[in-house]
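Residues per chain are reported as follows:
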Amino acid sequence: MRVRFDKLGIVIALLAAYGVLWSSFATLKPNRIVQGQAESMLQSLPAWAGWGLVGVLVVAITAALFRTSPWIKLIAAVAALTALTLSIGYAATFLTPAGNTYARVSPASGFWILLFAFALLAADAITRLDPPPAMRVLFLVLAALGAGALLMSGSWDGLSIMKEYSGRADVFWVEAGKHVELALGSLFAAVLVGLPLGILCHRVAPLRDGVLNTLNLVQTIPSIALFGLLIAPLGWIAANVPGAAALGIRGIGGAPAFVALFLYSLLPVVANTVVGLAGVPRAANDAARGIGMTGRQRLFKVEFPLALPVILTAIRIVLVQNIGMATIAALIGGGGFGVFVFQGIGQTAMDLVLLGAVPTVALAFASAVVLDALVEMNSRVPNGARSA
Amino acid sequence: MIEIDAITKRYDGVTVVDNVSMVIEPRTVTVVVGTSGSGKTTLIRMINRLVEASEGAIRLDGEDNRSIPGYELRRRIGYAIQGHGLFPHRTVAQNIATVPGLLGWTKARTDAKVEELLTLFQLDPKTFGPRYPHELSGGQQQRVGVARALAAEPNVLLMDEPFGALDPIIRAKAQEDLLAIQKHFGTTIVLVTHDMNEAFHLADKIAVMDKGRVVQYGPPAELVRAPATPFVETLIGDAERPFRLLSIAKTGAAAEPGEAEGEPIREDRSQQEALADLIWSGRDALPVISRNGVPMGRVTLDAILKRAARPR
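Chains as they are written, first to last, in numbering that gives the first Met the number 0: chain A, 0 to 387; chain B, 0 to 311.
Just chain A, with the same shape it has in the complex:
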């Protein structure tokens, strides 16, 4: 049998080889804010664990390099990722001098490169397996359970990011709640307003350009500027409208962040609603009227179901965008994971920045997977057939 190389596999193998051979695996710092001492993979771990990890990685790289079944690649990637995450936790325990509570061990460039390389391998394998939407969500749940088990097991407790967490466990979950509340709440409000507005724009053609251009304009305002611009009007409302302050409306804090995210969300929702409705085949619309559907029946039974995949795509864009952008809300006291990012930058404590950034990325990734699955489940009609 002829041995055939996998093109993406070669890139992954080179990347991983660089991560193993020429990069440092973990960094040992005397305390949380100073520059540390980078250690290689074999230096960071006891001999058996170090060589064991190298062995697992070499096998996984081999699986990536050649054309094999995607299942083999997926198993190799998962094995490599598991070995990596367990090892970095173990490295933390191994490197920290006994009894020293100031020393911090954090993942170094090699760890991140390897993590990226094998995540890429896993993603590629899953793409090739082309699993049905429900299966993809199942993969996500399994990955989340795996990550959860890893964190609960305490094997990462020696890592700097977990030390930052253990000091702030209560605040972390409060801010996580605020982050989700901001991202989901503003999305919900945007759908509530954007859908009817999109339908209106579709039906009343003269309105379309005006509304879309205005929303486009809002989209171009930098987020920090928009937060700033909202301080004055919201402050005025809080001061002058009875009951507004009691509802939590203030010039700074959650209210302007919520309003800004809502405004940013409107354009994708309205624009995709308009595009989705415009994409409904003319003949289907004409037939719907011709066989006696009322305007409302036509909207809910024909136009809306056909536009739904495009609208869900907008919701996916908005949710991922909002989860990322909600980080900036911390600048004006809106809370969320951004609190740790900005505190970390202020203290030059990169581990604290990670405590804010990693959950944000994980949350955005998970929402993207779930909504992609939803979009696919709702578009039973292949795109080619839509122009029937």
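Keep in mind that the hints were calculated from the coordinates and are not lab data.
Treat the hints loosely; a few may be bogus.
To be verified - Residues on chain A that point at chain B, a partial pick, calculated with CB under 10 Å: (1) Ala286; (2) Lys300; (3) Leu305; (4) Leu307.
As the list claims (entries may be wrong) - Examples of chain A residues lying across from chain B (beta carbon under 8 Å, computed): (5) Ala282; (6) Asp285; (7) Gly291; (8) Thr293; (9) Val301; (10) Pro304.
Being a predicted model, the structure only gives us computed values, none of them experimental.
Even glycine gets a Cβ: it sits at the ideal position worked out from N, Cα and C.
On the provided structure of chain A, position chain B as indicated by the hints.
Okay, now just chain B, sitting in the frame of chain A:
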């Protein structure tokens, strides 16, 4: 019966349909022909009020079509269009069940109707019912489109270039099917087309529209014998006239007693087909048989040629 009474439609001062009056007899096929922009589509869309008339009235069996809300009127009138207009997100069975659903039929009655129609259109209900429109061929989609239009057993079926997107072979089959269905249900069909062959093939009466007016309305033979305007003459085509006459008459009508050699022709074939057979086989006469195969005499080349000549 559909009475169209001095109907006019204007868009921003431009008259699209201009003072048209005509009576469409029940259980007949009426074909409206004309060039694009002649107002033929607008005319039939005023019957089910997809377009509201500017002036005049349309009565269905004596009842003004504005006496009930437009959507209720349209549920009673079948409507089939070019490119079928099937709902891509619904199965074939769900598509056909649309109007019964709007009318609140019971599930059992709806299911029975869907099955009956699919069978009638030679589509196996078990195979095709659960499929989506994009999984069907063009001809099958078109048949489902017509089946959907007929689901609520309408007396009137409006068709706007229903066969326009089909290739010639499937189109001929679809036309045959339509005539068979029309006989089966006794539906009054009003069909719009710009294809004169289709018009001559299907129509009991043809209405020719030009610049928003009906310039001639009568049986196909009358259009050939006595075209009302030069436009009608052009539409029929000088070179086509004898063949158009032959295409609308049956071979049985030209049969005479006597015998002939060779392959027989059925009496319900058009005289145009008889002529083609005669020329192609190099014979002077063909034996004619009835639909059941009983000999009915013969048809001669002379007899056919006489019938193709300008009527005096």
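Going down the list of hints, with the structure as the test:
Taken as an interface hint, Ala286(A) checks out: its beta carbon lies about 3 Å from the nearest beta carbon of chain B, inside 10 Å. The interface hint given for Lys300(A) holds, since its Cβ lies 8 Å from the closest Cβ of chain B, which is under the 10 Å cut-off. At its closest, the beta carbon of Leu305(A) sits 6 Å from a beta carbon of chain B; the interface hint therefore holds under the 10 Å criterion. This hint holds: Leu307(A) has a C-beta 9 Å from the nearest C-beta of chain B, less than the 10 Å allowed.
At its closest, the beta carbon of Ala282(A) sits 4 Å from a beta carbon of chain B; the interface hint therefore holds under the 8 Å criterion. About 6 Å separates the beta-carbon of Asp285(A) from the nearest beta-carbon of chain B, less than 8 Å, and the hint is met. Of the supplied interface hints, the one on Gly291(A) holds, with its beta-carbon coming within about 3 Å of a beta-carbon of chain B, less than 8 Å. Hint status for Thr293(A) relative to chain B: holds, with the closest Cβ pair at about 5 Å, below 8 Å.
The interface hint given for Val301(A) holds, since its Cβ lies 6 Å from the closest Cβ of chain B, which is under the 8 Å cut-off. Because the smallest distance between the Cβ of Pro304(A) and any Cβ of chain B comes to about 5 Å, under 8 Å, the interface hint for this residue holds.
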